[in-house]
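Peer 1: Using the sequences and the hints, build the whole thing.
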Amino acid sequence: MKFMKSIKVGLFALSLGLITNTAFSANDGLLDPVNSSGDFLITAVLGDLIRISSLDDMVLPAFTGVGSISNSEAFCVYRNGTGLYTATVTGDGGDGLGATFNLWDGTTNFMPYTVTYNGNPILSGGTTATLTGNTTLTDCGGVNVANNATIVVDVAESVLLASPAGTYTGTLTILVAPM
Amino acid sequence: MLLKSKNNYFILLAVLLFVITPLSHGTVRVGKLDPGKVVNLPDWSNGGDISSFVDFCVLSQDGNGKNAPIAPYQIRAFNNTIATDPYYLEHLTDPTQKLFVSWEHTDLLPAGGGTETLTPNQFTAQNKTGANNRCPAGINSRLTLHINAADLFSVSGGSYRMRFVVEVQGGTNGTETKTGFLTVNLTITPLIQISGLQDIFFPPYTGADLVSGYSLCVYRNGVGTYSLTASGSGAGGAFTITNGVDLLPYTATWNDTAVTSNIISNTALTGRQNPFTANPTCNSYSANNATIQITILATDLGVAASGTYSGIMTLIVAPE
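Protein chains in written order, with our numbering: chain A, 1 to 179; chain B, 180 to 499.
Honestly, I wouldn't trust all of these hints.
[As the list claims (entries may be wrong)] Derived DEER-like restraints, expressed as beta-carbon distance ranges:
hint : chain 1 : residue 1 : chain 2 : residue 2 : range
1    : A       : L97       : B       : T432      : 54 to 60 Å
2    : B       : A477      : A       : N144      : 17 to 23 Å
3    : A       : L97       : B       : T385      : 30 to 36 Å
No wet-lab data here; the hints were simulated from the structure. The C-beta atom is built at its ideal place from N, Cα and C for all residues, glycine as well.
Peer 2: Structural data, given as structure tokens:
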């Protein structure tokens with residue numbers, strides 16, 4: 001299984017109401033015998049920022065004839081300020097033509113799978129409840145150092161038993177957005 | 180009898196010659212410039228050009244007596260040091276500091292020769308209108324001193340003086356001369372100015388430190404260093420900007436074209452070098468001599484809430 005990394009930078013929240021010195025402009029000092037004092041305004045606009053990182057491709061274990069097969073992937077979500085975000089998880093139908101949680105063997109065979117995000121089931125195209133990401137480190141301290149989100153992919157036993165042998169792949173996209 | 184003696188005859192002739200000779204010449208005088216006049220100009224601080232004049236009577240007549248015909252005259256002026264030097268006032272304690280000035284002469288009489296700029300030690304090219312009978316029409320001559328602001332800005336503060344020699348040439352046949360003196364005193368106040376300040380608007384944060392700055396001008400008249408003291412609009416002058424709720428710290432550096440130094444809020448950076456001394460705007464900011472740079476670290480930006488952060492930085496320069 002292949003994951004697509006996604007980073008989204010939110011629109012700048014130009015909270016103009018918070019600007020206290022919008023009318024200010026720099027002032028030169030006066031010519032003076034003792035000293036001369038001038039001043040200027042410093043402004044930095046810090047928009048909402050969010051990032052997902054440390055995503056890895058996932059290989060499901062081989063099916064041995066009994067039980068489902070599953071694997072998990074931990075990753076990092078950074079979001080400045082409040083840390084609040086949501087994630088939207090979407091499959092590609094396996095063949096890249098759809099938007100469902102399917103794996104595809106390259107011919108005519110598909111295997112649907114299920115997904116949980118931080119332990120909560122989610123449908124393809126679904127969005128999580130509001131979650132909290134890392135607010136201080138855009139990569140949570142490094143690749144796979146302090147991941148704060150986990151996605152689990154599971155293919156049911158009944159699906160596996162009904163599918164021809166082969167190698168099945170698909171792409172899962174996780175889109176995170178600031179809240 | 181006195182004339183009975185040949186010797187006595189010669190004595191009488193000599194006396195007559197002594198008496199008659201002066202009466203056959205005209206008269207030239209320079210009024211109140213003889214023996215001299217002192218002009219104390221107001222202290223100059225941040226004004227513009229200086230222009231000051233002295234009116235006086237130049238008496239120039241062909242022969243003696245109050246009804247003698249008026250004779251034209253020429254006038255010249257020069258420094259009491261080296262006559263051919265350009266006109267200047269000299270710093271009282273630092274003779275290398277010369278404040279260049281110019282003189283012009285105006286013939287004040289209606290039919291006079293107008294205004295003429297003087298050249299050191301050279302008589303005016305135009306004939307001026309003299310006067311007889313102690314200038315019954317009043318003054319007839321004006322010397323005007325001009326000092327450009329650009330020259331005033333370019334010299335050190337302090338006291339300046341020059342004694343100018345004023346000489347007129349006129350009278351009968353225009354060959355008689357008379358000399359007067361005009362002493363000019365001026366005090367220039369020590370001055371300093373910081374200008375060319377600009378607001379800073381950082382580009383959006385994308386994960387790297389935000390760094391921005393600009394060059395500006397520090398002027399002071401005369402030789403010497405200056406100090407820089409900066410403060411932010413945070414508590415106690417801290418270098419912070421705010422979105423109204425949260426604070427973002429920043430750092431600042433000052434480069435005086437000799438060295439780059441970190442600025443600590445409310446702590447004077449002394450010994451700053453290379454102040455501009457020619458004019459207060461560093462040649463219209465084409466020759467700025469200092470750079471301020473502001474940095475907001477990514478480690479601070481990364482943990483800050485979104486919003487628009489702003490604050491004011493104040494820079495104070497003082498001569499040392």
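Peer 1: Can the suggested window of 30 to 36 Å be confirmed for the beta-carbon pair L97(A) and T385(B)?
Peer 2: Given a distance of about 35 Å, which is inside 30 to 36 Å, the answer is holds.
Peer 1: Lying within 54 to 60 Å: is that true of the beta-carbon distance L97(A) to T432(B)?
Peer 2: Roughly 57 Å apart at Cβ, these two residues keep to the hinted range, so it holds.
Peer 1: Quick check: does the Cβ-Cβ distance between A477(B) and N144(A) fall within 17 to 23 Å?
Peer 2: holds, 22 Å
Consistency note: the structure conflicts with none of the earlier hints.
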